[in-house]
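Protein chains: 2
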Amino acid sequence: MMPIPKTGKDVRIACRQGSLVSNTAGLAPGFVQANLVIVPANFAYDFLLFCQRNPKPCPILEVLDKGSPFTSNIADNADIRSDIPKYRVYESDKIIDEPTSINKYWRDDLVSFLLGCSFTFDRALREYGVPVRHEEEGRNVPMYRTNIPCKGAGVFQGPLVVSMRPMTPNFALQATNITGRFPRAHGTPIHMGEPKLIGITDIQKPDYGENVSIHPGEIPVFWACGVTPQAVAVASKIPFLITHSPGHMFVSDWADHQLEGEEKIR
Amino acid sequence: MMPIPKTGKDVRIACRQGSLVSNTAGLAPGFVQANLVIVPANFAYDFLLFCQRNPKPCPILEVLDKGSPFTSNIADNADIRSDIPKYRVYESDKIIDEPTSINKYWRDDLVSFLLGCSFTFDRALREYGVPVRHEEEGRNVPMYRTNIPCKGAGVFQGPLVVSMRPMTPNFALQATNITGRFPRAHGTPIHMGEPKLIGITDIQKPDYGENVSIHPGEIPVFWACGVTPQAVAVASKIPFLITHSPGHMFVSDWADHQLEGEEKIR
Chain A
229 MMPIPKTGKD VRIACRQGSL VSNTAGLAPG FVQANLVIVP ANFAYDFLLF CQRNPKPCPI
289 LEVLDKGSPF TSNIADNADI RSDIPKYRVY ESDKIIDEPT SINKYWRDDL VSFLLGCSFT
349 FDRALREYGV PVRHEEEGRN VPMYRTNIPC KGAGVFQGPL VVSMRPMTPN FALQATNITG
409 RFPRAHGTPI HMGEPKLIGI TDIQKPDYGE NVSIHPGEIP VFWACGVTPQ AVAVASKIPF
469 LITHSPGHMF VSDWADHQLE GEEKIR
Chain B
229 MMPIPKTGKD VRIACRQGSL VSNTAGLAPG FVQANLVIVP ANFAYDFLLF CQRNPKPCPI
289 LEVLDKGSPF TSNIADNADI RSDIPKYRVY ESDKIIDEPT SINKYWRDDL VSFLLGCSFT
349 FDRALREYGV PVRHEEEGRN VPMYRTNIPC KGAGVFQGPL VVSMRPMTPN FALQATNITG
409 RFPRAHGTPI HMGEPKLIGI TDIQKPDYGE NVSIHPGEIP VFWACGVTPQ AVAVASKIPF
469 LITHSPGHMF VSDWADHQLE GEEKIR
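Protein chains in written order, with this note's numbering: chain A, 229 to 494; chain B, 229 to 494.
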């Protein structure tokens with residue numbers, strides 16, 4: 229059996245060698261994991277602008293140069309074509325492949341975006357004793373489309389998607405304080421308490437992920453979710469698009485605490 | 229004599245009517261002022277990426293849609309062509325005009341960027357009793373080119389420009405804490421104490437702005453400066469470029485405190 233990867237680099241090497249094709253939850257604890265969106269260069273400006281206008285769902289950690297598959301900011305020379313366990317390849321809004329490498333799909337006009345992910349603040353919540361229900365229940369976090377429009381940019385338009393964690397109001401206040409330290413991993417919640425006010429009619433039927441238990445005395449707490457830019461990119465029906473496969477994230481060299489506060493200058 | 233403008237909107241209307249053509253220092257206190265950079269659409273992606281990669285010198289507050297002169301985020305329907313007291317129009321790296329409106333230069337392919345400015349944190353420093361020397365001495369803040377390279381993006385490459393405020397080490401620590409609350413107005417200092425370590429050979433000869441006194445017991449404290457993106461844009465020698473004229477800023481509807489912490493979602 230493969231040894232458990234301890235660092236982001238361990239994960240990436242295992243992916244590149246083809247020995248790791250599972251989801252990355254719990255791997256290389258303490259290393260920042262990231263969402264991946266790859267678009268052709270003629271859509272890159274609109275997508276970058278969409279992320280800039282919607283920083284809570286779309287916190288950009290790195291944008292690779294046009295045509296380059298190599299990272300330089302959040303990981304040292306990772307190869308975006310092979311260092312993720314599983315990908316989704318789209319034509320228009322249809323999934324045409326779910327491969328473990330995208331070497332054969334690579335083109336000189338592709339631009340890769342790596343975006344912050346809630347795994348970072350889930351770990352911080354856990355460390356402070358705030359319950360993270362989907363982890364307790366061994367499920368994927370429940371996610372919902374809301375009636376909150378993102379600020380559009382060119383072809384990219386659509387509603388905010390949120391993730392939900394149930395907790396007591398006391399824990400919700402503490403969680404707001406903790407996640408507020410991570411502006412580049414979605415930051416503070418965007419709503420708590422009344423799902424209907426943000427257009428969620430049935431809290432037990434998430435649009436993505438899995439339902440979790442809400443205990444007596446708990447309220448649902450909602451954070452902007454990294455699925456938003458992917459959902460918007462797919463809905464835009466651009467002719468070609470690659471993302472990571474849900475849960476199969478890019479694992480970086482950065483420690484979680486590097487997403488606290490502002491970016492260092494060098 | 230014109231009444232003193234109290235709000236960002238007052239300033240913008242006075243500019244639009246042609247009755248205000250002076251610099252904006254001290255006008256509409258408490259309202260966020262912003263740097264302006266306008267580039268043709270074929271350079272907009274590189275410029276947006278440059279800002280994204282260098283958030284401390286280039287904190288983006290709003291990017292207008294291609295060809296649109298109207299703001300929607302930091303000001304309600306301001307007209308970027310007339311609502312600033314004075315502009316600089318460049319062809320390649322040469323100033324060809326310094327007009328009080330840019331209506332006659334407007335084109336359908338122009339993209340306007342509004343970027344955070346240190347006026348916001350200067351006010352916060354003053355409110356906490358931290359000395360702001362250039363204000364005490366009635367001068368423009370001293371600014372210096374450093375040997376710290378920005379992360380390049382396409383045609384946009386160049387060194388970080390910094391502003392400097394002299395203060396005691398005790399005040400420097402307090403100022404670090406205060407400005408750290410404003411990540412979208414340059415955030416914490418990038419250096420203090422040893423100008424040579426960041427490539428500044430003569431602290432009394434700033435590259436931009438004016439020299440200020442450094443009192444015994446004080447050290448120079450350096451912040452990433454909003455002149456950086458303008459200096460880089462001019463140095464890139466792109467065929468056409470418009471910026472505000474130094475000190476003649478865009479005055480928004482936002483209160484300074486809206487640059488504290490993360491951006492609100494709606």
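Keep in mind that the hints are not guaranteed to be accurate.
Here are the simulated DSS-like cross-link-like pairs (lysine-lysine), alpha carbons at most 27 angstroms apart as the crow flies [to be verified]: (1) A:294 <-> B:379; (2) A:322 <-> A:332; (3) B:332 <-> B:322; (4) B:379 <-> A:237; (5) A:492 <-> B:314.
By construction, these hints were calculated from the structure, which means they are not laboratory data.
- Message: Tell me the numbers of any earlier hints that the structure contravenes, in ascending order.
- Response: 5
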